[in-house]
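Student: Protein sequence lines, in the order shown, are assigned to chains A and B. The first sequence begins at 1 in the numbering used here and counts up by one. The second sequence begins at 1 in the numbering used here and counts up by one.
Rather than coming from a laboratory, the hints here were simulated on the basis of the structure. Incorrect hints may have been included.
To be verified - Which residues of chain A face chain B? A partial, calculated answer using Cβ under 10 Å:
1. M135
2. V136
3. M143
4. A145
5. H150
6. D151
7. G238
8. T242
9. F244
10. G258
11. C348
Every residue, glycine too, gets a C-beta built ideally from N, C-alpha and C.
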Amino acid sequence: MKGNLRPVSVIGTGMIRFGKHRDVTVPQLARPAVIEALQEAGVTNKQIESIYSGAAISGWMAGQRIARETGMSGVTVVNCENACSSSATAFREAWIAVATGIIEYALVLGVEQLTRLGGGTLPLDQEDIEVANGMVMPGLYAMRAQRYLHDYGATEKDLAAVAVKARRHGALNPHAQIQTETTIDEVLSSRRIADPLTLLQCCPTGDGAAALVICPSDIAPRHNPQHVRVLGSHLASGRYLTGFRDMTIPEITVRCSGELYEETGVGPEDIDVLECHDAFSIAELLYYEALGLCGRGEAVKLLHDGATSLGGRIPVNPSGGLLSKGHPVGASGAAQMVEIVRQLQGRCGVRQVAHAKIGLTHVTGGGTYGFDHGACAIHLFGR
Amino acid sequence: MSAPASQQAALAPHEGRALAANEVTVNPDGVVRLRGVQCNGCGMKVFPVTDVCPDCLSSSLRALTLGGEGKLYSYTTVHVAPPGWETPYVVGYVDTPEGVRLFGKVKAGGPHALRVDMLVGVRIVADGDRYRYYFEPGLQ
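Just chain B, same shape as in the assembly (with noise of 0.2 Å):
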């Protein structure tokens, strides 16, 4: 589970690209989680939000919110990056329950702590008005 957001200390500009408001849902007790679109004329599911369907071009889509975990698909320790990044840092792709498959910033003790199919929760951030996630070992 994701703590509330207000919480939270405001990342680094490199720690993760920075969601809108509208790609988030901030439920009644302050959890927030991730947003994207499912299509009612195709049933594309389509996260990050968008107003059009990228298949069937429907714009007709409703909310579809993203649990907070999802399996460890693969991931890997980035020792190069492009200037402005802090390396070493890792990375993975994370399959959603809902059916989405997430790209992002993992957090952990270190690399060999990670191993792939592993739980893995969905960690939300505020950073100001934006909100940045990674993903993290275990649930909260």
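One chain only, chain A, in its complex shape (with noise of 0.2 Å):
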């Protein structure tokens, strides 16, 4: 880390099961997350200084309105919106507040409702050259895995590979919005969505909410003894291109999750289990690569030997991921780090990794031209 940073952690997490909750509001939504993770760090609703709330299509003032129903009105509260990196963008800010000692205690939210879209492909700005050309996110991600497939001779057996292990984690996870496990079979023969991917290939639409506490780590024991440290923060955004781009390598992950390492000094090689952002089958392998877990064109491989999967080398997503567990865009970054947080502190029961002391979350957001992705925030945590 750069500068007289104090050192961070996380005292307290909260999550609801991601899903359709149609009947509610946002502030319902997101209301039992923020109890449980305030509960979970011993500190109240009235010691929050700050509140940091993602949210990409949920209203005006997500966070204000949240706070309204939790005792917090009155609170500074900075909304982010950064597309599926908004509340991992939100967490970087109050990380960046604590650190820089401007507030000892800070909330961070992450909370959608995407049913209020009543479903579909996700709205795009109609301004956008490439949307109004027909571009929707599952083309996008098809087309990378149009060209990974051409590229490296992968197949469509081994996207729908990565489907099963994340619905495999999944039905392990009682948070996650899909629960039960799936076959090749049955993901090939699923609806087809944006060729090559089909319906069980692409990121379910659903409603969410997580929270987390966060404090300096010199008083964070008294909160909590499994208090889990921030060990580095990174949030990239994407360089614009106007020719040619590989597609198979997210050039956004690559300098993003390079930097943070450098930043660190933790690579690839330390890390014990991760979060990334699997929107869609071929995310998953793309990221592998990009974040360093193996190198180009090796990522069917890493997943065929079982590496990725629980009880694997460097599981990943063992959460079920955004395929399983669900994306509920601006809720997704904090949720992924609810997961490794508690992964940290061993309480994933059958889903845990045995002695995990490093993890990282990975999460993007696109849907603009010109970019690989507009967003990309990378965090690493330890014990």
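Taking the hints as your guide, dock the two standalone chains into a single complex.
Tutor: Below you can see the structure in the form of structure tokens.
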């Protein structure tokens, strides 16, 4: 870490089961996660000095609306919109505020109610020149998949195997939207969304909320003896390119993780467990390579070897990931952090990664032309 | 080669982004080409046309007229799209020899006729006082 930053720890986590929660308001969606995080942290709502809230499509001032119903109105609120990286961005802002000594106790929120959109693909901005020509998010990932299959000889069955692994993990997670296993055949025979991606290779539409309480590490033990340190935080934005781009290399993730590894001295070989942005099956394979878990073109082998499954060398998305746990856009970054913190605390029961000491969370956010993705946030945590 | 724009029928609303007159070059023989800009300051190439370089902020830009072809970098058949889009449709990225990557609809007999890295033509059709473009395998 750069400069005189004091160490920061997560002392409380909370989240609700992801799924279709149509009959509640956004604050009602978030409230149980907030209360759980506060109780776990051993701090009262009145001790929170700032709220950092991440949401993408759930309306103006989500943070204030939630504060209104959780006894925190009047507290400074920062609302963060960074597409799928919204609540990871919120976490980073909270971390900066605590690490620089501006505040002691911050609440980080991630919340989203996608069911208010009525399903289907995410609404993208009509002023975008690619959207106006028919771009949809599954289409973007599908083109990455198409090119990856061409360049590395991977198959549609290999892609489906990512979804099968995600669902195997998700079946062990009581917070996952989808808690049943699936098969290669079921994945491949599900509805076509954007070739070669089928429905079960796309994250489901759903609602969710997650929350974390952070404070300086020196006072963390008095709140939670199992506090988890923030080892590093990095946020990168997309680089605008108008010419050739290799879509099998998620440049923003390569850059963001490379800079974070450099800053922290932690490398991919040190990581025991990680949550990555598997919004679509192909994404997880690309991110194995981009995060440095394996070399270029080696992701399929890493998957089939079982290295990234529970029990493997480097379990990826033990929560079930976006594919199985669900992807309420603005909530995903915070929910990944809740999973990793709990993994490092040894609290994950049947999906616990043994002896996990260092964990990583990775989210991106896309949907605008000229970039690999618009945003990418990566965090490292350790016990 | 694109046919004279005036000979083409107008397209449905969701047949791709409508280009303004300054986003195309109409040759004396009626052939229409996509037009972007290249920055005289830093050399950045941009499509569609802009009046300020998005990188060095120079307003000294020259026209960059794109040829009628490119290589299909990747593509997909989209089966689920927002309301108004008739599915399935095919979209893809096309790399032009001028160094600009284009995104748009791809028309072909079916997705299986397409393959990565194949040569495609850039077709431009008039739609009222505007233009739309799409890609199609092979040259005209």
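Student: All hints are to be evaluated individually against the structure, with a verdict given for each.
Tutor: Structure-based check of all given hints:
1. M135: It holds, given that the least Cβ distance between A:M135 and chain B is near 7 Å, below 10 Å.
2. V136: Holds - the Cβ of A:V136 comes within 10 Å of chain B, reaching about 6 Å at its closest.
3. M143: holds (4 Å)
4. A145: Holds: closest Cβ of chain B sits about 8 Å from A:A145, inside 10 Å.
5. H150: The hint holds - A:H150 has a Cβ within 10 Å of chain B, the shortest such distance being about 4 Å.
6. D151: holds (8 Å)
7. G238: violated (13 Å)
8. T242: holds (5 Å)
9. F244: This hint holds: A:F244 lies near chain B, its Cβ roughly 6 Å from the closest one there, short of 10 Å.
10. G258: Violated. Min distance 23 Å.
11. C348: Check failed: Cβ of A:C348 comes no nearer than 34 Å to chain B, outside 10 Å.
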